[in-house]
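As a plain string of letters, each chain reads:
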Amino acid sequence: MKEISLHVLDIVENSLNAGATVVEIEIVEDSKKDLLAIEIRDNGMGMDEQTVKKALDPFFTSRTTRKVGLGLPLLAQAAKTAGGDVTVHSLPGQGTVVKAWFKKSHIDLQPLGNMADTVASLVAVHPDVDFIYRHVIDGGVYRFDLRQIRRKLQDVPVNNPLVVNWIKKFISDSLKEINGGAE
Amino acid sequence: MMGVIKSIEELEKIREQARELINLRKDNENKTRIVVGMGTCGISAGARQVLLAILDELKKRNISDVIVTETGCIGMCRFEPMVDVIKPNQPKVTYVNVDADKARQIVARHIVNNQVVDEWVIPNI
Numbered sequence: 001m002k003e004i005s006l007h008v009l010d011i012v013e014n015s016l017n018a019g020a021t022v023v024e025i026e027i028v029e030d031s032k033k034d035l036l037a038i039e040i041r042d043n044g045m046g047m048d049e050q051t052v053k054k055a056l057d058p059f060f061t062s063r064t065t066r067k068v069g070l071g072l073p074l075l076a077q078a079a080k081t082a083g084g085d086v087t088v089h090s091l092p093g094q095g096t097v098v099k100a101w102f103k104k105s106h107i108d109l110q111p112l113g114n115m116a117d118t119v120a121s122l123v124a125v126h127p128d129v130d131f132i133y134r135h136v137i138d139g140g141v142y143r144f145d146l147r148q149i150r151r152k153l154q155d156v157p158v159n160n161p162l163v164v165n166w167i168k169k170f171i172s173d174s175l176k177e178i179n180g181g182a183e
Numbered sequence: 184m185m186g187v188i189k190s191i192e193e194l195e196k197i198r199e200q201a202r203e204l205i206n207l208r209k210d211n212e213n214k215t216r217i218v219v220g221m222g223t224c225g226i227s228a229g230a231r232q233v234l235l236a237i238l239d240e241l242k243k244r245n246i247s248d249v250i251v252t253e254t255g256c257i258g259m260c261r262f263e264p265m266v267d268v269i270k271p272n273q274p275k276v277t278y279v280n281v282d283a284d285k286a287r288q289i290v291a292r293h294i295v296n297n298q299v300v301d302e303w304v305i306p307n308i
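Residue numbers (this note's numbering), protein chains in the order written: chain A, 1 to 183; chain B, 184 to 308.
Isolated chain B (complex conformation) (with noise of 0.2 Å):
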């Protein structure tokens, strides 16, 4: 029960920091977009390490202008995890069999550094 209540308490504190990083980008436009594949194919390939390595990643780095969300199955299993940058007037850059420290990478190279990581990138068939 004591730490139950303890979590509360951090959470008033999280939610003041996470509202001084939101007040210093209002604009809801022209955000990046990582799109993470949760079918039942990218869950047993292992969608959702990768899911929360990244949202972890943007966490440590203070990156609160980043939309995160999921798709389903798009019918490329053996390709799973897949993971879909597209930064604004940029086109999709869908990386494949991702994991968790790959994940990190991405965050690291493509969204901060503005650097595509071509050898992960899905192979032109």
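Next up, chain A with everything else stripped away, as it sits in the complex (with noise of 0.2 Å):
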């Protein structure tokens, strides 16, 4: 994965194979603490303790058609190499939650990348699925909720092309003003 956002589009996915029908992705940017923190919360099928002890090994996997499993592993590399982890909570029928964080200064840390286009993406193929997506940067605080969107639209579909077009367009806005217009 060229950026962490990528990850983050594909632990969701994982989220979403396990049949969650809400996800919570939160990123937390902290220059004071030169922190970047990333927890993805879901209401999926869950994992047993033993599950989520394999979930880290790059030769498990809950999928049939290929024998390795890469998703939490890759990213568990990208933060160790940016000297953080990653570490998994899961409850059988109760949903998983994935966190991982990375020392924000690091020589090695993948750049974040565009949250934007994965929560739009999200959005388009999963459009039955509510989203919330809270973004942190240094105090500045930006939430997204499909819901509210959902609500505002009534009967047109969140995966309209328009509709997506405009998330896409919403979010990257707002993380630009809480970012104080910087990229």
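Hints were generated in silico from the structure; no laboratory data involved.
Just so we're clear, the structure is a prediction, and the values are computed from it rather than from any experiment.
For each label pair, taking beta carbons as the anchor points, the in silico distance ranges come out as:
(1) B:Lys243 / A:Pro92: 39 to 47 Å
(2) A:Asp173 / B:Lys243: 16 to 24 Å
(3) A:Arg134 / B:Asn280: 34 to 42 Å
(4) A:Lys32 / B:Asp301: 55 to 63 Å
(5) A:Asp128 / B:Met259: 24 to 32 Å
(6) A:Thr51 / B:Glu193: 41 to 49 Å
(7) A:Thr21 / B:Pro306: 33 to 41 Å
(8) B:Val299 / A:Leu35: 48 to 56 Å
(9) A:Glu39 / B:Lys275: 37 to 45 Å
(10) A:Asp30 / B:Asp301: 48 to 56 Å
(11) A:Lys54 / B:Pro306: 34 to 42 Å
(12) B:Asn280 / A:Asp85: 31 to 39 Å
Backbone N, C-alpha and C fix where the C-beta goes; we use that ideal spot for every residue, glycine too.
With the hints as a guide, dock the two chains, each given alone in a separate frame, to form the complex.
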């Protein structure tokens, strides 16, 4: 993966494969603490303790078409390379929480990349899932709640190409705003 | 904050615009489907930009009767990003090693003009 936002997309796909109907994505950028933290919470089917342990092993997957599952191991590798790590907490029937953190100033930190594209892509192909996305940049907070947008749209589906395009722009404009206009 | 309010106002306009297009085509049957491979392999090969390029091209052309969905890894990771085009009553066509530019051309040539772009279709193995 070239950007952290692509890891986020990939990890959320795991949540959706686990039957999640609500997925919360949180990104926190904190310059003072020199920290970039990511948290993905879902209400999918969850995993037992043994499966959680295996989830970080590249030779484990719940899929059957191919014998290796690389999503979480790739994220863990990216985190460890940049002075951080990954944890996975899960309970069967209750969902999963994946946390990853990185040292923001680390020379090997991948760029965060385009979170607007990641969220817009998820909405486009999973219109029935409630995505909530919160992004904090040094105290500036942006919150995106697909449920509010769905209510506003009434009978127009959230994956209509016009709407997906609007979501992309809405998120990227808002992130610029909380980032003080900087990219 | 002003930006958010302006954006929400825009969303209302988009709702009206989208509604007009949808009303023209009420039949849910016989829709063309585009399926993008979004497993770990697809995502790392560029599937996100492919998906967004397809949606953008559909938007530009005012096409709202095409369903865009995703699939996971199908075990042919070296051909990712892969895109299936399934037109009603026609066999599925699978495009391989697609990028954003090819994706736009697939919409123009295959979806709009009904011509399969043979050179990008999966090789017979």
